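There are 2 protein chains.
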Amino acid sequence: MVAAALADGTADRDCVFEVFARRLPESRRFGVVAGTGRFLEELARFRFGEPELAFLAERAIVSDQTLEWLANYRFSGDIDGYPEGELYFPGSPILTIRGTFGEAVLLETLALSVFNHDSAIASAAARMVNAASDRALIEMGSRRTAEQSAVASARAAYLAGFSATSNLEAGRRYGIPTTGTAAHAFTLLHDKEADAFAAQIKTLGVGTTLLVDTYDISAGVKIAIEVAGPDLGAVRIDSGDLGVLAMQTRRQLDELGATKTKIVLSGDLDEFAIAALGAAPVDAYGAGTSVVTGSGAPTAGMVYKVVEVDGKPVAKRSEGKPSRGGAKTALRRHKPSGTAIEEVVIADAVDLEPGPGERLLQVPLVRGGEPVGDQPDLTAARRMLRERMVTLPWDGLKLSRGEPAIPTIFLEGSKK
Amino acid sequence: MVAAALADGTADRDCVFEVFARRLPESRRFGVVAGTGRFLEELARFRFGEPELAFLAERAIVSDQTLEWLANYRFSGDIDGYPEGELYFPGSPILTIRGTFGEAVLLETLALSVFNHDSAIASAAARMVNAASDRALIEMGSRRTAEQSAVASARAAYLAGFSATSNLEAGRRYGIPTTGTAAHAFTLLHDKEADAFAAQIKTLGVGTTLLVDTYDISAGVKIAIEVAGPDLGAVRIDSGDLGVLAMQTRRQLDELGATKTKIVLSGDLDEFAIAALGAAPVDAYGAGTSVVTGSGAPTAGMVYKVVEVDGKPVAKRSEGKPSRGGAKTALRRHKPSGTAIEEVVIADAVDLEPGPGERLLQVPLVRGGEPVGDQPDLTAARRMLRERMVTLPWDGLKLSRGEPAIPTIFLEGSKK
Numbered sequence: 001m002v003a004a005a006l007a008d009g010t011a012d013r014d015c016v017f018e019v020f021a022r023r024l025p026e027s028r029r030f031g032v033v034a035g036t037g038r039f040l041e042e043l044a045r046f047r048f049g050e051p052e053l054a055f056l057a058e059r060a061i062v063s064d065q066t067l068e069w070l071a072n073y074r075f076s077g078d079i080d081g082y083p084e085g086e087l088y089f090p091g092s093p094i095l096t097i098r099g100t101f102g103e104a105v106l107l108e109t110l111a112l113s114v115f116n117h118d119s120a121i122a123s124a125a126a127r128m129v130n131a132a133s134d135r136a137l138i139e140m141g142s143r144r145t146a147e148q149s150a151v152a153s154a155r156a157a158y159l160a161g162f163s164a165t166s167n168l169e170a171g172r173r174y175g176i177p178t179t180g181t182a183a184h185a186f187t188l189l190h191d192k193e194a195d196a197f198a199a200q201i202k203t204l205g206v207g208t209t210l211l212v213d214t215y216d217i218s219a220g221v222k223i224a225i226e227v228a229g230p231d232l233g234a235v236r237i238d239s240g241d242l243g244v245l246a247m248q249t250r251r252q253l254d255e256l257g258a259t260k261t262k263i264v265l266s267g268d269l270d271e272f273a274i275a276a277l278g279a280a281p282v283d284a285y286g287a288g289t290s291v292v293t294g295s296g297a298p299t300a301g302m303v304y305k306v307v308e309v310d311g312k313p314v315a316k317r318s319e320g321k322p323s324r325g326g327a328k329t330a331l332r333r334h335k336p337s338g339t340a341i342e343e344v345v346i347a348d349a350v351d352l353e354p355g356p357g358e359r360l361l362q363v364p365l366v367r368g369g370e371p372v373g374d375q376p377d378l379t380a381a382r383r384m385l386r387e388r389m390v391t392l393p394w395d396g397l398k399l400s401r402g403e404p405a406i407p408t409i410f411l412e413g414s415k416k
Numbered sequence: 001m002v003a004a005a006l007a008d009g010t011a012d013r014d015c016v017f018e019v020f021a022r023r024l025p026e027s028r029r030f031g032v033v034a035g036t037g038r039f040l041e042e043l044a045r046f047r048f049g050e051p052e053l054a055f056l057a058e059r060a061i062v063s064d065q066t067l068e069w070l071a072n073y074r075f076s077g078d079i080d081g082y083p084e085g086e087l088y089f090p091g092s093p094i095l096t097i098r099g100t101f102g103e104a105v106l107l108e109t110l111a112l113s114v115f116n117h118d119s120a121i122a123s124a125a126a127r128m129v130n131a132a133s134d135r136a137l138i139e140m141g142s143r144r145t146a147e148q149s150a151v152a153s154a155r156a157a158y159l160a161g162f163s164a165t166s167n168l169e170a171g172r173r174y175g176i177p178t179t180g181t182a183a184h185a186f187t188l189l190h191d192k193e194a195d196a197f198a199a200q201i202k203t204l205g206v207g208t209t210l211l212v213d214t215y216d217i218s219a220g221v222k223i224a225i226e227v228a229g230p231d232l233g234a235v236r237i238d239s240g241d242l243g244v245l246a247m248q249t250r251r252q253l254d255e256l257g258a259t260k261t262k263i264v265l266s267g268d269l270d271e272f273a274i275a276a277l278g279a280a281p282v283d284a285y286g287a288g289t290s291v292v293t294g295s296g297a298p299t300a301g302m303v304y305k306v307v308e309v310d311g312k313p314v315a316k317r318s319e320g321k322p323s324r325g326g327a328k329t330a331l332r333r334h335k336p337s338g339t340a341i342e343e344v345v346i347a348d349a350v351d352l353e354p355g356p357g358e359r360l361l362q363v364p365l366v367r368g369g370e371p372v373g374d375q376p377d378l379t380a381a382r383r384m385l386r387e388r389m390v391t392l393p394w395d396g397l398k399l400s401r402g403e404p405a406i407p408t409i410f411l412e413g414s415k416k
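From first to last, the protein sequence lines stand for chains A and B. Heads up: the first sequence begins at 1 in UniProt numbering, then just goes up one per residue. Heads up: the second sequence begins at 1 in UniProt numbering, then just goes up one per residue.
So here's chain A without its partners, still in its complex pose:
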């Protein structure tokens, strides 16, 4: 595309591209924007180096003109978007990219890869956080997704309200709290369960979490308290009927005087399983596979569409997947109580001033190719999401399939 557009001169036309989701996956009720921080980091180093150019030249994939253009490529346009941690709904213009066709079209794969992945994980994770109520959630899914996705998943889950991750690289790269408990292999390595517990406590202190389900759980709990004493931090149960086992274990721990020892549950937990454990005496959940795979929706289904060329709205018109032309302005309307009412997406709005209860949703992210200073960090994004969740109508927090929590209204600028 770039080669052909450079050849006929259209690569220089000013374009506006938008990223949005046509629908929420799995008939969910809200989506969570995540990936902005990662996207801006990647954008800063999005260049075509010698190895890439040599490959394209060798296979004659693009023209010499294009090779030269790619060698000098850097995005020099403007980007606005929903901040990380904001909610989104079908049609929300999550990202708006302004630049020449050539420079903007080249960002499609980068932007969609980051936002489709990270938003899918954060959206699923936010449902788990909601289902867990005020109990802690630990992300431990690194082994169920590709290496680098694991790090991005830990970041997205933390943004969504998880307390910690077992992915140390995510701790290093993004400052996320890290934690971990021993695996069954550690117990099996030792001649006796008591030896494994003693070794772990000697190194990590009695505040550690002992995995008690390698052999017999109630024997495991008994041994754990014998070895650690009643100040043991926590026990983890990773298999079996978790609700029943949690109740038995709580009773046993209390009888042993370990009334403050916490119970951590893990093992194929998703938002539904977490919700179902609401009445069980649990202190924290470990979630793995379901978080890093988006709990049934591993991609957010966002698309990257051109909506303006040289200032004029453009849109695909054939059947199946129609789209709306014109750069959009988005605002969310709220009741005086703060509860969200609707997402308003307005094409070709000029200098829109939000009225009472209205909030403009996009913020400047990039100007002239440079990131706008003072971007909110991961902690701020996490806080924003917590605040936004409170604005959802009650129905929006249901785990069941349904309509988006608020409708999206599409308007033309003149109609506002």
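Only true hints are included.
If several chains are the same, the list does not tell them apart, and a pair holds so long as it fits within one copy or across any two.
As a list, the in silico DSSO-like pairs of lysine-lysine whose alpha-carbon atoms are at most 27 Å apart:
(1) K312 / K192
(2) K202 / K312
(3) K260 / K202
(4) K262 / K222
(5) K262 / K202
(6) K222 / K192
I should point out that these hints are in silico values taken from the structure, not numbers from a laboratory. Since this is a predicted model, take the numbers as computed values, not measurements.
For this one, chain A is given, so just place chain B on it according to the hints.
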């Protein structure tokens, strides 16, 4: 775990770990091993550098003893496994890692991340290849998965029999054939559809594929042939009722004399949609989201379990997820016709000689920490899978949910 095991001396115990899947996801009938090549590449550079060690030290996550051990870490043990492109079933020991506890336990996340991702993608992709029969499949899902997963997905899909990928980095890194067609944005960029087609043909020749569904499809096809002539390579349709549109388009192309112009279909195609298009006049399919997300099973669900410590079998015994101790030998039994009968997994077998129709499944991958020479490359893996697919009983090729194509029989060495 490593810190505690170093402190009590158990880190040096000889261990055997195995990677296997307890079941096939989505009640599928076979799985495809993929990721071996990537795993061996990653293993060679799996080291703890200054930034990682500094982070661990700063947060006091591990002891000084452990920091020093990690600084010197390199895997020095042996690894055997199913070759890439081999089929697997529940319980198949896909990878066997022999080394000290410390050095082998540290590979868990790396091995599982690679194999769980790549095998999930290849397993889904193989079903699509089968559904597509002898028609070509193009992988175009990069935008629906995280950046690096996109490259790994393209590799896994190619291994499974896809013809090409739109991911240029996968072409560069793994030598996979690359292809691509223009997006709707390219048509919308131009004042007229004819201008966009002319520009594309001028740069890429009449052998290119024109996307004809931006406005009206039959008008788009007419314009495409007007601009390109009857030697146009292909048209792509990305929306609407693909089966009906393919038939209409074939008729229209033939009437226009473009009898050799091919039809490429894309747009949310998975193995079921591809199979449903079997009777339509299609030449190639583009598959995106469904391939890179494993078509409903984004992770293969493989686990990494210790099965031997100091030569003695060990196994988790509590309820829920029991496992089998002892290092396993795996062989597959076949009828004289070559059709597979069963997967035989034997614990503690010594120097097993396969009988008639039996084939040992593991090959040496790593010896003393170094990759064994002459590993099959991606092309060989692709060929192996094609050969293995022919050995599946007919039922094993069904797309519907069901039992594994062949049962897995677990034996003790003495019983063989």
